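Peer 1: For reference, the chains in residue letters:
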Amino acid sequence: RKEVEQDPGPFNVPEGATVAFNCTYSNSASQSFFWYRQDCRKEPKLLMSVYSSGNEDGRFTAQLNRASQYISLLIRDSKLSDSATYLCVVNLVGGYNKLIFGAGTRLAVHP
Amino acid sequence: DTGVSQDPRHKITKRGQNVTFRCDPISEHNRLYWYRQTLGQGPEFLTYFQNEAQLEKSRLLSDRFSAERPKGSFSTLEIQRTEQGDSAMYLCASSDEAFFGQGTRLTVV
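So the sequence lines, in the order shown, correspond to chains X and A. Oh and the first sequence: position 17 is 17 in our numbering, straight run, nothing missing. Oh and the second sequence: position 93 is 93 in our numbering, straight run, nothing missing.
None of these hints come from the bench; they were simulated from the model. From a predicted model like this one, the values you see are computed outputs, not experimental measurements. Mixed in with the good hints there might be a few duds.
Said to hold, decoys possible - FRET-style restraints, in silico, Cβ to Cβ:
| # | chain 1 | residue 1 | chain 2 | residue 2 | range |
| --- | --- | --- | --- | --- | --- |
| 1 | X | 22 | A | 50 | 27 to 37 Å |
| 2 | A | 26 | X | 10 | 27 to 37 Å |
| 3 | A | 63 | X | 76 | 45 to 55 Å |
| 4 | X | 80 | A | 38 | 22 to 32 Å |
| 5 | X | 70 | A | 52 | 35 to 45 Å |
| 6 | A | 81 | X | 76 | 30 to 40 Å |
| 7 | A | 13 | X | 40 | 21 to 31 Å |
| 8 | X | 65 | A | 62 | 32 to 42 Å |
| 9 | A | 16 | X | 40 | 42 to 52 Å |
| 10 | X | 54 | A | 29 | 41 to 51 Å |
Stated by the list, open to error - For the chain A half of the interface with chain X, some residues (derived, Cβ under 10 Å), not all of them:
| # | residue |
| --- | --- |
| 11 | 33 |
| 12 | 41 |
| 13 | 74 |
| 14 | 85 |
| 15 | 88 |
| 16 | 89 |
| 17 | 101 |
| 18 | 103 |
| 19 | 107 |
Unchecked claim - Derived BS3-like pairs: lysine-lysine, alpha-carbon spacing no greater than 25 Å straight-line:
| # | chain 1 | residue 1 | chain 2 | residue 2 |
| --- | --- | --- | --- | --- |
| 20 | A | 57 | X | 45 |
| 21 | A | 71 | X | 98 |
| 22 | X | 42 | X | 2 |
| 23 | A | 11 | X | 45 |
Positions of the beta carbon are idealized from the N, C-alpha and C atoms, including for glycine.
One chain only, chain X, in its complex shape (with noise of 0.2 Å):
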């Protein structure tokens, strides 16, 4: 079983539309998340960390449950610029702060 399980996608939804990403992590000792962005043949870049309270960034929400041990990516009013790979991310408690992948979801937004 992967440490961090995404759907690959593609999402593929119209301009303005609301979509929801998912992930799950197998190491209940996971300490921190994170959402990250990847464009294209481009260096990842972090998104949003994602706290147990949830927490909002515009038109971005994310979700994390620790009991079922998921994490969720909410994009309300999608623009065709959110196009692109989302990267779940784990953080383990005790490691040296090495941050655990998942494989990604494409989003394609599309006038």
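Starting from the known structure of chain X, fit chain A onto it as the hints suggest.
Peer 2: Coordinates of chain A only, in the frame set by chain X:
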């Protein structure tokens, strides 16, 4: 530019050759990470430095791979006797939240 810098951006090499990549982290960050990413996968952890000390190495880092950070600033990743399976994007990152460089794309032919 105050971000993480990697050099070269692209490298094409023949199988069996040695290659070396360089990473210059953000100057005040004392943690430095190397990751490898293949097509369709997320980045995979290779190794980690705290200042000049290499504190952790992944099992992915075979004996053909070696990484150094001699003065706690820039780091190098060397691959000896490259194989086609080494073709990937090699990413360097600094700090806990991993500010990534633009990566070195290695193609072994």
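Peer 1: Hint compliance check: list the failing hint numbers for this structure, sorted ascending.
Peer 2: Violated hints: 6, 9, 10, 13, 14, 15, 19; rest satisfied.
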